[in-house]
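Whenever a hint applies, use it, and build me the whole structure from the sequences.
For the record, the sequence lines run as chains Y and Z.
Counting from 1, one number per residue, gives the positions in the first sequence under the UniProt record's numbering.
Counting from 1, one number per residue, gives the positions in the second sequence under the UniProt record's numbering.
Check the hints yourself; a few may be wrong.
Under the rule of at most 27 Å between Cα atoms (straight-line distance), these lysine-lysine pairs were calculated in the BS3-like manner [stated by the list, open to error]:
#, chain 1, residue 1, chain 2, residue 2
1, Z, K158, Z, K78
2, Y, K856, Y, K798
3, Z, K266, Z, K158
4, Y, K395, Y, K370
5, Y, K423, Y, K795
6, Y, K423, Z, K193
7, Y, K306, Y, K219
8, Z, K50, Z, K5
9, Y, K370, Z, K193
10, Z, K266, Z, K29
11, Y, K856, Z, K189
12, Z, K158, Z, K193
13, Z, K78, Y, K1106
14, Z, K27, Z, K158
15, Z, K193, Z, K176
16, Z, K266, Z, K50
17, Z, K193, Y, K906
18, Z, K58, Y, K370
19, Z, K27, Y, K798
20, Y, K423, Z, K189
21, Z, K118, Z, K78
22, Y, K423, Y, K395
23, Y, K795, Z, K118
24, Z, K118, Z, K58
25, Z, K5, Z, K176
26, Z, K58, Z, K29
27, Z, K158, Y, K795
28, Z, K189, Y, K906
29, Z, K266, Y, K798
30, Z, K53, Y, K370
31, Z, K50, Z, K78
32, Z, K176, Y, K370
33, Z, K266, Z, K5
34, Z, K118, Z, K29
35, Z, K53, Z, K78
36, Z, K78, Z, K193
Because the hints were derived from the structure by calculation, they are not lab data.
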Amino acid sequence: MPLCKKRQPSKSKGEKLIKRAPIFYLPLKQKNRGRRGPGPARERGGRVPGGPEEVVSGESLGWAGGRRPRGAGSPGSSSLGLSDPPNLSNLEEFPPVGSVPPGPAGTKPSRRINPTPVSEERSLSKPKTCFTSPPINCVPSAQPSALDTSPWGLGLPPGCRSLQEEREMLRKERSKQLQQSPTPAHPTPESGSPLPSRTGNLTAEPADPARVSSCQRLKLVALVYSSCIAENLVPNLFLELYFVLQLLTARRMVAAKDDDLEPSPGALDPLESPLFQSVHDCVFFAVEVLERQFQVLCYLDKGTLKLLAENERLLCFSPALQGRLRAAYEGSAAKVSLAMPPSAQAVSFQPETDNRANFSSDRAFHTFKKQRDVFYEVLREWEDRHEEPGWDFEKGLGSRIRAMMGQLSAACSHSHFVRLFQKQLLQMCQSPCGAGGTVLGEAPDVLSMLGADKLGRLRRLQERLVAPQSSGGPCPPPTFPGCQGFFRDFILSASSFQFNQHLMDSLSVKIRELNGLALPQHAPSDEDGESDVDWQGERRQFAVVLLSLRLLAKFLGFVAFLPYRGPEPPPTRELQDSILALRSQVPPVLDVLTLLRQGLGARRAVLTVPWLVEFLSFADHIVPLLDYYRRTFSLLRHLHRSLVLSEESGGEMCFLNKLLLLAVLGWLFQIPTVPEDLFFLEEGQLDALEVDTVASEHGLDSMPVVDQQLLYTCCPYIGELRKLLASWVSGSSGRSGGFVRKITPTTTTSLGAQPPQTTQGLQAQLAQAFFHNQPPSLRRTVEFVAERIGSNCVKYIKATLVADLVRQAESLLQEQLVTQGQEGGDPVQLLEILCSQLCPHGAQALAQGREFCQRKSPEAVRALLPEETPAAVLSSAESIAVGLAMEKACVWLSANITALIRREVKAALSRTLRAQGPEPAARGERRGCPRACEHQAPLPSHLISEIKDVLSLAVGPRDPEEGVCPEHLERLLSQLGQTLRCRQLLCPPAEQQLAKCSVELASLLVADQIPILGPPTPHRLDRGQARRLLHVLLALWKDDFQVPVPLQLLLRPRNVGLLADTRPREWDLLLFLLQELVERGLMGRTEIETCLGSLHEAQWPGDFSKELAALFNLFLAEPHVPEPQLRACELVQPNRGTVLAQS
Amino acid sequence: MILTKAQYDEIAQCLVSVPPTRQSLRKLKQRFPSQSQATLLSIFSQEYQKHIKRTHAKHHTSEAIESYYQRYLNGVVKNGAAPVLLELANEVNYAPSLMARIILERFLQEREETPPSKSVINSMLRDPSQIPDGVLANQVYQCIVNDCCYGPLVDCIKHAIGHEHEVLLRDLLLEKNLSFLDEDQLRAKGYDKTPDFILQVPVAVEGHIIHWIESKASFGDECSHHAYLHDQFWSYWNRFGPGLVIYWYGFIQELDCNRERGILLKACFPTDIVTLCHSVA
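In structure tokens, the structure reads:
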């Protein structure tokens, strides 16, 4: 039974879409041989069982009666049609395993065949030894030497220089094969040989058990084949099942075309006649195998079981099996469904890790602030555009990402960014296929708004709509589906060494952390219903941890092996050896071998192996050859072999756990870069498991932690089985039929916190022992309480002890400022003085912290544990929680309390010094609203705006009919009073502006510059009214403004100059105002005198200067203005002026 | 106050090359009596700012500055009391306050022979009586009180409006019993980006989860909204998740397109608020 190996075109981004055929891929005959083979799927990168390559390479070794096919695929062999096997190579009939069905707008298939390069020299590949060939097949050693078993898609072997040469070789190969083959005779000399077809548009031929050609032989083969599967002698269990189901659902045999036939040189040995001569044979064989695989089948999901149970062929060939399947279906609860992916969110900002204190400099902090936003901007753009045709990640985002990397490198902030990156990765991609199109912020609104009744149906509908049609065949290459693609492309575009290194560090740490997480220690107890609730939680937690680990490991593998990835293995042995010598010096990025050994030893393979497989799936060609990884693979292979499903040795490993491991390992063994030798050649070379077997009896492996949901989530390709069966039902061909639902995990809860490290020693052992026989929830509770209380303790110390010290620092500082004057001296020195006084008090923190933990932890434990917890257990749990919490808190406090005090004092210091600064409004006591204030005052902004309008009207230019009415002015001032009294909406800048505007308004009133609206025409304000308004203003300035009012503006040249324009000039209001200012204590006399004095320095018209001088004298002379009307003429009357001046 | 793009465009169309004066605003109010004054002023101001951004450079070439200064000097020599500077600004379609700044800067440069510092200029614009030339002081003052889009007075009004709406929003939150952290508290904790309010317990508004609220006392047009999205709203989303923006003076309806993604727009405090229910048991 040969194992076919395919050379496949490589896919972009270096993902190889290359897979191996199942071990039992059968003799393959080209329907359209030669140049007209099924090119399209090949171009799609799918697996093409029996594609043209077989013809070329002679690889399509038919399995005829346990014999080597002898040219089954060779031109000569089919001449009589006798040995024609089912045409599994026909793409339409047997959809390529691993091929992606073409989209609805499928591209026009090209019929062109790309010649497969073959080589005469096989320097690197060992002779293809297929696991069953030697014992069963008695095949002459003449395996075609041209078989290219170098890892797939890896370029041309040496010696292959041109297609011309290849064609030459191909010809030679053919003739060689022809000579080798004892040309079989075909018993039925019809023109065409029958080929099973799975093409949808052909009516399925009914299969009839009575028409099976050689029951006995098929039974025997099925038995042997099934045993191979059962003993894990095949690399990939599910690939074989897939093949069997393909046989089951073959639609009919079709005759090969005449022109395919070539003369048949002789008669055929019965043993060499094809195994499957009809659909009946295919179905018979398939059912035979399925009967023996029933155990596995009944663990498949309910949908698959239903399809199997309803398969009429199966019913027809084995009603008994059908009955068992139906029963299994009815009893199955394994409904794998598409859970709503959690709507992705951004990683939240956490002051503890993200604020300024966590950065070395302001610059680093601000750089990171910007880069966080750039990251999400890039992510949003990707979401919006990555599905647009023609959009390219690198072109669209590459330069921005690299600029971002440059910034981060300059600021040494990679570690911060990597934390963000990793958290976002986990948040968005935890779901299996990266949740396909998980969209940021996508909320399941529509669904949740509908009633529960419709909800289920809608959900199912949604499943169908969002589920991809195929996950890429039963053995897809490692890919980055959905959102994972973003992160992959981001890493590629960033191409930053620093980033990659930090990312690897961070991923490794997180993997170790999660891999070491204490997960349930006990299987669920059946008697206790309540513990079942707990068990669900345990299982959910396990799934979350497992999926997170797989995701992280996948990215770790991707980044770690990125520098070594190439399309081809080294071309010569010498080169390979030198690379090996070099690479063997490089330490592994994560010590996976040790982790694997520990995992096996602790019976936690079910947790460790799935992520390890993800990690290794990205290995480059050299990795499996390195001694370190070779040992890792050996261990895995050994594990694989040991996972015999039928063995139910008690306490070993749960069936589904085994199935998961078989599925992921089988998948790994199909990865192109993993040489087959690993599976087939090293048998027996392995030392007995290099594992400490002293491990605990009860490991995760023996607990039913895996359910179908998790199995299908981790291995979506198992769903291909259902798809295959569904396509049979729907009558469509496999390549477009069936719904293979993408599966997302049911769990969206966050990862459990890592339990704190416990101290060594007897107490710790006792504590461990205490938990051993308690329900796992107790342990989690205690650890949780300890963790939280420990953390709260630190915050408590910060809020009490440290806050007190800060207050002391502030008062010390105030004293300092008083004694040393406003500046208080050098802040650095001040800080040192304060810290030297205060830091010693930090020692109290430990005592206070212990007291806090002792007080708080027991309460919390009591609140969280069930009522019926025995008193002794409770008190032990409490004291362990207290101990753990204290340990956590004290470790932190003793290391950090001094730095914490210092930091807080420093902040207080800069706060205090800043408050001394030039913002007077920010300081000082400000009165609030009066007690009964209803906050109904006009808005300050509105008032500024209104006053501004008045000012602009007064200053002009204005239309002739424009003006204000006196009532408006009065109302304005009264509103101003209200606003100033209701402080609610008033901010200092607004109040300052109001003060300034009010002074300007006063100047305009004094200068009589405010145009008053008619009737009949605009005129000037009545003097009495002006005086009243000034009174109001004076009162506001005196009583209501809480900011300094810039009254000196009144005596600035510009404001006084307003008077110069009025004719006749009237000075009485100004004099009145000045007197009142002095009277009310708003301005000092000397201050006014200074202002008036400096007014003389300005340039004025001659007469105005004189009047001004007179006013000055008048003000100096008299405390009060005698007359209400003081006119310019009066001011300049020489006698009176002189008198005043002299007096 | 939520306008469709078409309604908005109609208003914006009327604002092309209209000087930012009291009179223009009055005419605008007459033209669109159904719109609130604040909304119109906000739109006017934003449209005018766009215009200034577009034309700013051409007013700052040395030739332009020289020519403006000469025109100013010639004007005030003829009649110092005439609104020379204001009319010059209106004539060349530039903001009066900004024109005042250009001339003041040029004036000081000539006097001091060194380019004046920005803080000196700003201080003189805030208080023109500090300007050493009486005529220029009056001219500058006239520009500032007549400019309804630029200048220290307008800046102060805008600041006050913003503050007032934040206070009003805070009162509404308190009234609804929604506990929150305000900007100052967030800054004290070291947050690098701070919306006006972060809700300590998220609520749902019209079915959308809200973690933070940002108050914007302006009209949300495309230009400003996109700038805010880039500088603020997405940054908030990146840190705190989905949130609510209140454009108190309305916004263009079509801009409210990121609801699903986590940015909800409203023109008033929402009425449909669902809070987390605490189990009574």
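Going through the earlier hints one by one, which of them does the structure break, listed in rising order? The structure conflicts with hints 1, 18, 19, 21, 23, 25, 26, 27, 29, 31, 32, 34, 35 and 36, although it agrees with all the remaining ones.
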